[in-house]
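What follows is the residue order along each chain.
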Amino acid sequence: MEPIYTYPKTLIDVPLHYCPGCTHGIIHRLIAEIVDEMDIGKETIGIASVGCSCFNYDYFNFDMVATAHGRAPATATGVKRVHPDCLVFTYQGDGDLASIGTAEIIHAAVRGEKISVIFVNNGIYGMTGGQMAPTSLPGMKASTAPYGRKVESSGYPIKMTEMLALQDGCVYAERTKISSVGSIAKTKKAIRKSFELQSAGKGFSIIEILSTCPTNWGMEPLDSIQWMEQNMEAYYPVGVIKDLEGGGKE
Amino acid sequence: MVEKQLIKGSEAIAEAAIRNGCKYFFGYPITPQNEIPEYMAKRLPELGGTFLQGESEIAAIYMVLGASAAGARVMTSSSSPGISLKQGGISYLSGSELPCVIVNIMRGGPGLGAIQGAQPDYWQATRGGGHGDYRLLVLAPATVQEAVDLTFEAFDLADKYRNPVMILGDGVLAQIMEPVTIPEAKAWQENHPWAVGKQHHRERNMICASYPDVEILEKVNQKLHMKYDEIRRSEVRWESFRLEDAKYVLVAYGTAARIAKAAVKTAREKGIKAGLMRPISVWPFPQQPFIDLIPQAKFFLSVELCTGQMIDDVRLATGNARPVYHFGRLGGVLPLPEEIVDRLEQLIKEES
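So the sequence lines, in the order shown, correspond to chains A and B. Read left to right, the first sequence gives residues 68 to 317 (the working numbering). Read left to right, the second sequence gives residues 87 to 438 (the working numbering).
Keep in mind the hints are simulated off the structure, nothing from the lab. Because the structure is a prediction, the values reported are computed rather than measured. Any given hint could turn out to be false.
Unchecked claim - Cβ-Cβ distance ranges computed for the label pairs, FRET-style:
no. : chain 1 : residue 1 : chain 2 : residue 2 : range
1   : A       : 72        : B       : 219       : 45 to 55 angstroms
2   : A       : 93        : B       : 313       : 32 to 42 angstroms
3   : B       : 133       : A       : 268       : 20 to 30 angstroms
Backbone N, C-alpha and C define an ideal beta-carbon position, used for all residues, glycine too.
Could you build all of it, start to finish, from the sequences and the hints given here?
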């Protein structure tokens, strides 16, 4: 009998530490499914960063390196240069990638480092308790922006993926979201494309995934998804930002 | 037959690393150590290795972490302000028990300081340097030949203890040219069962320095502590010079020790029974040799190119059984041997 549903081989069947309604679990599963489908579990190396996803080394059933806040692209660079035949990806949140790790992510893209970057953007610091992120929207409340983000003093939300797409070393950049069966399928397709480009020896690619944080946004999970689609997506439109599949410049 | 060659300290360090299997180097420019990355940039591609100039010292040390986690022999080098920037990464490397070699070519500080050789970072090097309860194995060469030998050996020590090893030099050592013999290239094959990479014949590996369960973290700290104790027992190195009958013990490492040695010779010519105790491993610090010297010593004089940092370790080793004095020039100024002898004579007068 053909099984129609199985737990991914490269996802360890343990309770996740994420809050109810968090989308990290879905994104973890997508990555594990793709690794299984591509049959590369024995040659995949994930780089865990710092934030809510920092314990994902306990969930992925392949080699993992946990590194410091913002430094995953540099760590991935070291790993990939030693093992160019392995699939190397970083998994980073918006505090990690868009704030403390801006230098590392930009220069990994500039170098055309052959890694895949999974960038989960929910516009807030989850792990530390809901502080303002560089990606927080204007007016959005956070524990360090109790009156809402004021652009006069804290500036505007940073559009990392657009900035990275400008670099010649970046071959693929797409923004997706986790809100429905359809958008989950699109996210999976985008991650798969990034992994396939890397396996084909192409350069740097990034998949930004708009996500939610019901706990720190102070909303029910379904309301969070609705808020994300109405507000986050308006500022960070989903879609392919750059696709140089054939190589060369755009 | 390996021939002697005249070579600059920094280039000799780089070549010695390559001869013992270092094929990966990640760095960032900073004076007075630029010849190390420059040499690596030229040589490593010839050998099929990787030289990469990171966007910062911070990025470079985390590239080192990645390459080490992937099982490679890897090195980085920098100078005082750059080493400060690397400290977070050094802490992660130590917590993840990853081997690597870090070359620290010290210069005057604090802040941007100056580019001339000095020794103001002894505390930083010997006390871990970054956050957390950890130690580096720190070797302090005084000559280019010793820099070659210690750098070569540093890779074996790093692997043996799964710990970062620091070569603690200064701008003088990096810039000086001396005739040296560099060991023949040693074949080195990666065989770390803990490293990440293709894993067709093993369970998955995980490299991390994150232990959210405090009970587990305490055990990790204890395990690290046991390793450091083993290093304390096995890796202490020092050189003694004219200490057999010495009543006045000069203590110095690295470049300061070369000047102190000249001072001992001058003092001896004047009939002063001086000798030099030169720690080569500054962590672990050679405690027992100091204890052995107490019966014969009137006092110890710590000669350092800073306001006095190693003097703390001399005091800890001697337990205040004898007076411990300091002499140093600062900021990159080098003392003349005569200045040290003057200080010695003055102290002898005060003591009698």
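Please check whether residue 133/B and residue 268/A have a Cβ separation lying inside 20 to 30 angstroms.
holds (22 angstroms)
Can you tell me whether the CB distance of residue 72/A to residue 219/B sits inside 45 to 55 angstroms?
About 47 angstroms separates the Cβ atoms of residue 72/A and residue 219/B, which means 45 to 55 angstroms holds.
Supplied distance hint 32 to 42 angstroms, evaluated on CB atoms of residue 93/A and residue 313/B
holds (41 angstroms)
Violated hints are absent here; each numbered hint is respected by the structure.
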